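Engineer: Letter by letter, the chains look like this.
There are 2 protein chains.
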Amino acid sequence: MPKIEADNPILAEVFRGKLVESRHAGAIAIADADGRLLLALGDVERKVFPRSAVKALQAIALVESGAADTFGLGEHELAVACASHSGDRVHVEAVRSLLAKAGLDESYLACGAHWPVSERAMRELMRVGRRPQAIHNNCSGKHAGMLAAAMHLGLDPRGYERPEHELQIMIAGIISETCGIALDPGGMGIDGCSLPTWPLPLAALARGFARIGTGRGLQPARARAVERLRQGCFGFPILVAGEGRFDTMAIRALAPDLFVKGGAEGVHCAALPRLGLGLALKIDDGAQRADERVLAEVLAALLPEARSALADQLEAELCNWRGLRVGRISAGPALLQALAALDAALPGKAGAAAR
Amino acid sequence: MPKIEADNPILAEVFRGKLVESRHAGAIAIADADGRLLLALGDVERKVFPRSAVKALQAIALVESGAADTFGLGEHELAVACASHSGDRVHVEAVRSLLAKAGLDESYLACGAHWPVSERAMRELMRVGRRPQAIHNNCSGKHAGMLAAAMHLGLDPRGYERPEHELQIMIAGIISETCGIALDPGGMGIDGCSLPTWPLPLAALARGFARIGTGRGLQPARARAVERLRQGCFGFPILVAGEGRFDTMAIRALAPDLFVKGGAEGVHCAALPRLGLGLALKIDDGAQRADERVLAEVLAALLPEARSALADQLEAELCNWRGLRVGRISAGPALLQALAALDAALPGKAGAAAR
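Residue numbers (my numbering), protein chains in the order written: chain P, 412 to 766; chain Y, 412 to 766.
Hints listed in this document are in silico derivations from the structure and should not be mistaken for laboratory results. One thing to keep in mind: the hints can contain errors.
[Claimed, not checked] For lysine to aspartate or glutamate, the following DMTMM-like pairs were computed, each having C-alpha atoms within a straight-line distance of at most 25 Å:
{"#": "1", "chain 1": "Y", "residue 1": "Lys429", "chain 2": "P", "residue 2": "Asp418"}
{"#": "2", "chain 1": "Y", "residue 1": "Lys429", "chain 2": "Y", "residue 2": "Glu728"}
{"#": "3", "chain 1": "Y", "residue 1": "Lys429", "chain 2": "P", "residue 2": "Glu588"}
{"#": "4", "chain 1": "Y", "residue 1": "Lys429", "chain 2": "P", "residue 2": "Glu456"}
{"#": "5", "chain 1": "Y", "residue 1": "Lys458", "chain 2": "P", "residue 2": "Glu424"}
{"#": "6", "chain 1": "P", "residue 1": "Lys458", "chain 2": "Y", "residue 2": "Asp418"}
{"#": "7", "chain 1": "Y", "residue 1": "Lys429", "chain 2": "Y", "residue 2": "Asp454"}
{"#": "8", "chain 1": "P", "residue 1": "Lys429", "chain 2": "Y", "residue 2": "Glu456"}
{"#": "9", "chain 1": "Y", "residue 1": "Lys458", "chain 2": "Y", "residue 2": "Glu575"}
{"#": "10", "chain 1": "Y", "residue 1": "Lys429", "chain 2": "P", "residue 2": "Glu575"}
{"#": "11", "chain 1": "Y", "residue 1": "Lys429", "chain 2": "P", "residue 2": "Asp454"}
{"#": "12", "chain 1": "Y", "residue 1": "Lys458", "chain 2": "P", "residue 2": "Glu575"}
{"#": "13", "chain 1": "P", "residue 1": "Lys458", "chain 2": "Y", "residue 2": "Asp595"}
{"#": "14", "chain 1": "Y", "residue 1": "Lys458", "chain 2": "P", "residue 2": "Asp418"}
{"#": "15", "chain 1": "P", "residue 1": "Lys429", "chain 2": "Y", "residue 2": "Asp595"}
Just so we're clear, the structure is a prediction, and the values are computed from it rather than from any experiment.
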């Protein structure tokens, strides 16, 4: 019988009772701003679509171009430009405000519509018999930021989402420079919100996040731009995702030592400014439950205060419709082994100092 | 770096543009009623929780006990007792009717509540400011059937969901006998709807489905019971799942040559009465998109008419929020290779006859 093996290790195991019911393979890279890999678990050179995990990189153009200054954008508007938001009132208002400052309205958003991630917001729309609009799309803040950048640069705000639009060419260049790797035009995919998404190895993504966390390896203007974006997200973690969601909780608890951003299909990236590190992981099958559980485990190994701050995410209990505890999501043995080995290699740790 | 390999082959690949963005490993067993394996791709002896895929087996007690006759249940009520339904009006009415014939009401349902699978039904509840009730739970028909069996047998209808209740002990015995394998009490898990779920190897599940599709290998009373359940599902495919859902579409198009039932965490089972075969598959990571895509591919290899009937499921286009085609889900090379080899071995095929 033919067999093609998955080449990445099992990073998370989903238990029901005493048995593993499901398992999630994947890969993780941790790197510094020079691209030195501190951890490479699984195939970190395989290209993955980072999807929404790189929204902070896509938002660099908004600040670096001068658009944020011209339009007098506040920290909350920069945060929502980096967000995969829940579509609650607070998010919708921040996006509307960003658009208004750029002289535009919702009709320019090319992201398409979906029901808000927030059940409360969805219930409210359904209660009044309304359908979701583009502004409720989790990506509407990113799109509003791109529209503001296009307006400031004198570019056509129609078609801003297309790969051949000058703004997208500029953003692709920023991603390439920040991650220190050439993009492959033939590999480009179209994202859920219709923007281009560029496949990148996890190793390069991790280096890019080390750079946006520290500014190291970036030109001064770009270093200042990523610092403003970080400050926006650290000031308004609720706007980066939403109530009860991983990224909001993690940034709220651990900023300024941590910036995290998830993307669709099991991607999650993080910047750890104090440690000078960046992290990128992808679950092979695309499961969000696994990327969050795995990231919590890695963060707990990197930041001592993360173990208590992310206790619920590490516990990862699974309850059924009557609230009975029926299982849990656990870190896989290969992940735990790799993190134990990583511990000794961390900057400032006894093991590293002794070498 | 430590590596623990996933031991099952990649069965489905999720493309975005030209790149594989995500991949799903898993295992498939196809067997006849004697347990002879026609296909064993991946580890078909590893125990999996069949979850809702075995609702038709759990419903055998309802018919075999005489409860269905005593209460004068119709085909539609038997279908909803085997269902993971969408919670639309048609489903809720069938469950209410089943409960009423047994002299009970919704307050006896122990399945817990969740928003209906059907967006239309969910919108309708939200529009009038209501919360979902147990009757909307996709498992409410199964629970109503168990309650009817308990009433007919003179058992306490309170606590019917507990592993130690006489009805659940009876149902566990039926599952064990039908699949031809002893159950391991230590491995039992609790399902989303609070019922016991028993881990079984895919090979045994496939044999069980060959038996419920044909009646072969079953005592006459049980063979008659599964025939009545089949007829109920074939007569009312809409009640087995719901509009737009895989099981409803597949049964509607391919009955009486096919009965299919999916379960949570990437399990799908099928009975192919004309071929005398049963099928069971599990996606390692639990992804429904993969179990349906893989099942469509296997069915197309087994039933000539399935390729056109399941054309949309085989195409498996992925469209984004603006309706742009951004990718597709494809059968993995290992699956295609295994199915090509299977083709020659099928009963009635030239390859098989020539051997």
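Engineer: All the hints need checking, so say for each whether the structure fits it.
Structural biologist: Results of checking the hints against the structure:
1. Y:Lys429 with P:Asp418: Measuring from Cα to Cα gives roughly 20 Å; hence the hint holds.
2. Y:Lys429 with Y:Glu728: Cα-Cα ~13 Å, so holds.
3. Y:Lys429 with P:Glu588: The given pair, whose Cα atoms are some 24 Å apart, holds under the 25 Å limit.
4. Y:Lys429 with P:Glu456: holds, 17 Å
5. Y:Lys458 with P:Glu424: holds, 15 Å
6. P:Lys458 with Y:Asp418: Between Lys458 of chain P and Asp418 of chain Y the Cα gap is close to 23 Å, so the pair holds against 25 Å.
7. Y:Lys429 with Y:Asp454: Violated, because 30 Å separates the two Cα atoms, which is more than 25 Å.
8. P:Lys429 with Y:Glu456: OK: Lys429 of chain P and Glu456 of chain Y at ~17 Å, within 25 Å.
9. Y:Lys458 with Y:Glu575: Holds, at roughly 22 Å.
10. Y:Lys429 with P:Glu575: Cα-Cα ~18 Å, so holds.
11. Y:Lys429 with P:Asp454: Roughly 19 Å between the alpha carbons, so the hint for Lys429 of chain Y and Asp454 of chain P holds.
12. Y:Lys458 with P:Glu575: violated, 51 Å
13. P:Lys458 with Y:Asp595: Between Lys458 of chain P and Asp595 of chain Y the Cα gap is close to 43 Å, so the pair fails against 25 Å, i.e. violated.
14. Y:Lys458 with P:Asp418: holds, 23 Å
15. P:Lys429 with Y:Asp595: holds, 12 Å
Hints 7, 12, 13, counting from the list given before, are not met by this structure.
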